[in-house]
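**Student:** Spelled out, the chains give:
2 protein chains.
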Amino acid sequence: MIPSQQDVQQAFERVAPHVHQTPVLTSRLLDELSGASIFFKCENFQKMGAFKMRGAINAILQLPQADRAKGVVTHSSGNFAQAVSLAAKNLGIPAHIVMPNNAPQVKKDAVISYGGIIYESEATIAARQTMASQIQDKTGATFLHPSNDIDVILGQGTAAIELLQKHPSLQCIITPVGGGGLLAGSALAAKYFGSSVNVYGGEPLNADDAYRSFHSGEIQYNSQVHTIADGLRTHLGDKNFPIIKTLVTDIIRVEEQEIIAAMKLLWERLKIIIEPSCAVPFAALLKDKKTFAGKKVGIVLSGGNVDLTSLPF
Amino acid sequence: MIPSQQDVQQAFERVAPHVHQTPVLTSRLLDELSGASIFFKCENFQKMGAFKMRGAINAILQLPQADRAKGVVTHSSGNFAQAVSLAAKNLGIPAHIVMPNNAPQVKKDAVISYGGIIYESEATIAARQTMASQIQDKTGATFLHPSNDIDVILGQGTAAIELLQKHPSLQCIITPVGGGGLLAGSALAAKYFGSSVNVYGGEPLNADDAYRSFHSGEIQYNSQVHTIADGLRTHLGDKNFPIIKTLVTDIIRVEEQEIIAAMKLLWERLKIIIEPSCAVPFAALLKDKKTFAGKKVGIVLSGGNVDLTSLPF
Numbered sequence: 220m221i222p223s224q225q226d227v228q229q230a231f232e233r234v235a236p237h238v239h240q241t242p243v244l245t246s247r248l249l250d251e252l253s254g255a256s257i258f259f260k261c262e263n264f265q266k267m268g269a270f271k272m273r274g275a276i277n278a279i280l281q282l283p284q285a286d287r288a289k290g291v292v293t294h295s296s297g298n299f300a301q302a303v304s305l306a307a308k309n310l311g312i313p314a315h316i317v318m319p320n321n322a323p324q325v326k327k328d329a330v331i332s333y334g335g336i337i338y339e340s341e342a343t344i345a346a347r348q349t350m351a352s353q354i355q356d357k358t359g360a361t362f363l364h365p366s367n368d369i370d371v372i373l374g375q376g377t378a379a380i381e382l383l384q385k386h387p388s389l390q391c392i393i394t395p396v397g398g399g400g401l402l403a404g405s406a407l408a409a410k411y412f413g414s415s416v417n418v419y420g421g422e423p424l425n426a427d428d429a430y431r432s433f434h435s436g437e438i439q440y441n442s443q444v445h446t447i448a449d450g451l452r453t454h455l456g457d458k459n460f461p462i463i464k465t466l467v468t469d470i471i472r473v474e475e476q477e478i479i480a481a482m483k484l485l486w487e488r489l490k491i492i493i494e495p496s497c498a499v500p501f502a503a504l505l506k507d508k509k510t511f512a513g514k515k516v517g518i519v520l521s522g523g524n525v526d527l528t529s530l531p532f
Numbered sequence: 220m221i222p223s224q225q226d227v228q229q230a231f232e233r234v235a236p237h238v239h240q241t242p243v244l245t246s247r248l249l250d251e252l253s254g255a256s257i258f259f260k261c262e263n264f265q266k267m268g269a270f271k272m273r274g275a276i277n278a279i280l281q282l283p284q285a286d287r288a289k290g291v292v293t294h295s296s297g298n299f300a301q302a303v304s305l306a307a308k309n310l311g312i313p314a315h316i317v318m319p320n321n322a323p324q325v326k327k328d329a330v331i332s333y334g335g336i337i338y339e340s341e342a343t344i345a346a347r348q349t350m351a352s353q354i355q356d357k358t359g360a361t362f363l364h365p366s367n368d369i370d371v372i373l374g375q376g377t378a379a380i381e382l383l384q385k386h387p388s389l390q391c392i393i394t395p396v397g398g399g400g401l402l403a404g405s406a407l408a409a410k411y412f413g414s415s416v417n418v419y420g421g422e423p424l425n426a427d428d429a430y431r432s433f434h435s436g437e438i439q440y441n442s443q444v445h446t447i448a449d450g451l452r453t454h455l456g457d458k459n460f461p462i463i464k465t466l467v468t469d470i471i472r473v474e475e476q477e478i479i480a481a482m483k484l485l486w487e488r489l490k491i492i493i494e495p496s497c498a499v500p501f502a503a504l505l506k507d508k509k510t511f512a513g514k515k516v517g518i519v520l521s522g523g524n525v526d527l528t529s530l531p532f
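Residue numbers (the numbering used here), protein chains in the order written: chain F, 220 to 532; chain G, 220 to 532.
Chain F extracted, bound-state conformation (with noise of 0.2 Å):
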């Protein structure tokens, strides 16, 4: 069920000319405040504004050529509808995605600003499954799931590569963990090019899925996801269960009056703008200051796609 070092290297050398090398920023206060070396990587500059670039480029990459040029469908409103939209478009290819009609325009806008062909459902699960499946029957366009396939995990994981071979004495990492990709990746990510390094999920108490998941060993759901952070309501699949249950040391939880003022903290300390999701790491390294005292953490800032026009501070 683990993807293999060769698996992870070769996904590595496949996403790398498709997206930015991100910088890596410190802070001294932050250092002070947290009592740890923190090291941000900062996915909030990468193309379209987010991590998720990385997995929809190497999806699409693995797709055997005669399917690639029939093209790739998703059901998103988030991030990763505009990842698979402007990958596809990288890459020459169609990318057809699925909304909800109740999505805000700005998505939308920035889809089509992306080149992708959006297809407004109802806004159900059931009803943007059904429309998806439609047009890959219609088109042969393949499905990418944003977070449950293994060359999505694959891709997200090649954030961690970066910020290990540039800080390669990193002890800890703590990504967010929404519906799993970016912290399965992680953690294979410290597994192949770290040296013992505990890897960590950051996630909203008001949907904690992946906490109760881990911890009783199965996938579990959240009832309610009265979250802030609206990239992290999803839950876990079976492809990244079983590497977050092998590989990860823990998850922490968070609450939403700690992920505001860890964001508010990160936009006024390091001058960068990030969403809500990409602060629940640094928020958890604040809750459990102890896990973390003088060591050496990468945090992996997800994106910086927020509506400026209504900030929770």
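Hints are supplied without guarantee of correctness; some may be wrong.
Because identical chains share one entry, a pair is satisfied inside a single copy or across any pair of copies.
[Unchecked claim] Keeping only pairs whose Cα atoms sit at most 27 Å apart, straight-line, the calculated BS3-like set for lysine-lysine is:
1. Lys483 x Lys326
2. Lys483 x Lys308
3. Lys514 x Lys483
4. Lys326 x Lys289
5. Lys506 x Lys464
6. Lys410 x Lys515
7. Lys410 x Lys385
Read the hints as simulated data drawn from the structure, not as lab findings.
For this one, chain F is given, so just place chain G on it according to the hints.
**Tutor:** Just chain G now, kept in the frame of chain F:
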């Protein structure tokens, strides 16, 4: 009146160990929008969040050892107060900061966090100057001017030197112009480290003293300064104006709405936090696209210290 190549080179070497070599960002979308190839020098990531750290460090390092030990004094409510505080702290000397008694608490807190000693004065320029003189008399501290001081000017110019070293084929550089230190320093950098670089200042129309000074040949003043670009409300001085008059190509004026729109665009597309003043050179480029069409343009993003709870959009 114009510092020599050796002066500029020595300032660069003097300042380098004490500041961040800040990253340079590019954006395909902003290039498409503007018709130019833009290289953004991110001084918002500088220590204390602005290029002013460079001038403060250089000016303090240039003081004779006996004077330096007695500390420095300035009157400012903005970035220069923070820069002098942090530079002095890093060099182990006291920084006396005169601030108007109506300065926002957040600005006082920033100065205190960097170790500056605050003295509250009445809010008039005369009262501030009087108090600064009293502190000089009492402590033997040296007064530092935020822009009209050759060592400050040489320090501010080191950002443009870094930019030109990384991108030697730049054809234009645009900086904001307020007191004139950054513009004069950047013009010196371009003269000695670039090859035929045209240097422009971007200025708010509502505080266009530098434009009027440049075109009249005499230092002009603002009768009102109703601009969101709060770092650009001051006027030129007798040390920097001769440099600007001789080496700068032109000053481009922009309206308030253009500044706000440019600021929002930089936040959204570069995913970085910049001050309103900092958006003025990019607004100037967008206003005068013809001048920069097809050219490689460096823009110094001057700082990122902004109150996140009162944004103009």
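**Student:** Evaluate each hint against the coordinates.
**Tutor:** These are the hints, each one checked on the structure:
no., hint, in the structure
1, Lys483 x Lys326, "both (23 Å within a copy, 17 Å between copies)"
2, Lys483 x Lys308, "between (34 Å within a copy, 26 Å between copies)"
3, Lys514 x Lys483, "within (23 Å within a copy, 37 Å between copies)"
4, Lys326 x Lys289, "within (24 Å within a copy, 57 Å between copies)"
5, Lys506 x Lys464, "within (22 Å within a copy, 55 Å between copies)"
6, Lys410 x Lys515, "within (16 Å within a copy, 43 Å between copies)"
7, Lys410 x Lys385, "within (16 Å within a copy, 35 Å between copies)"
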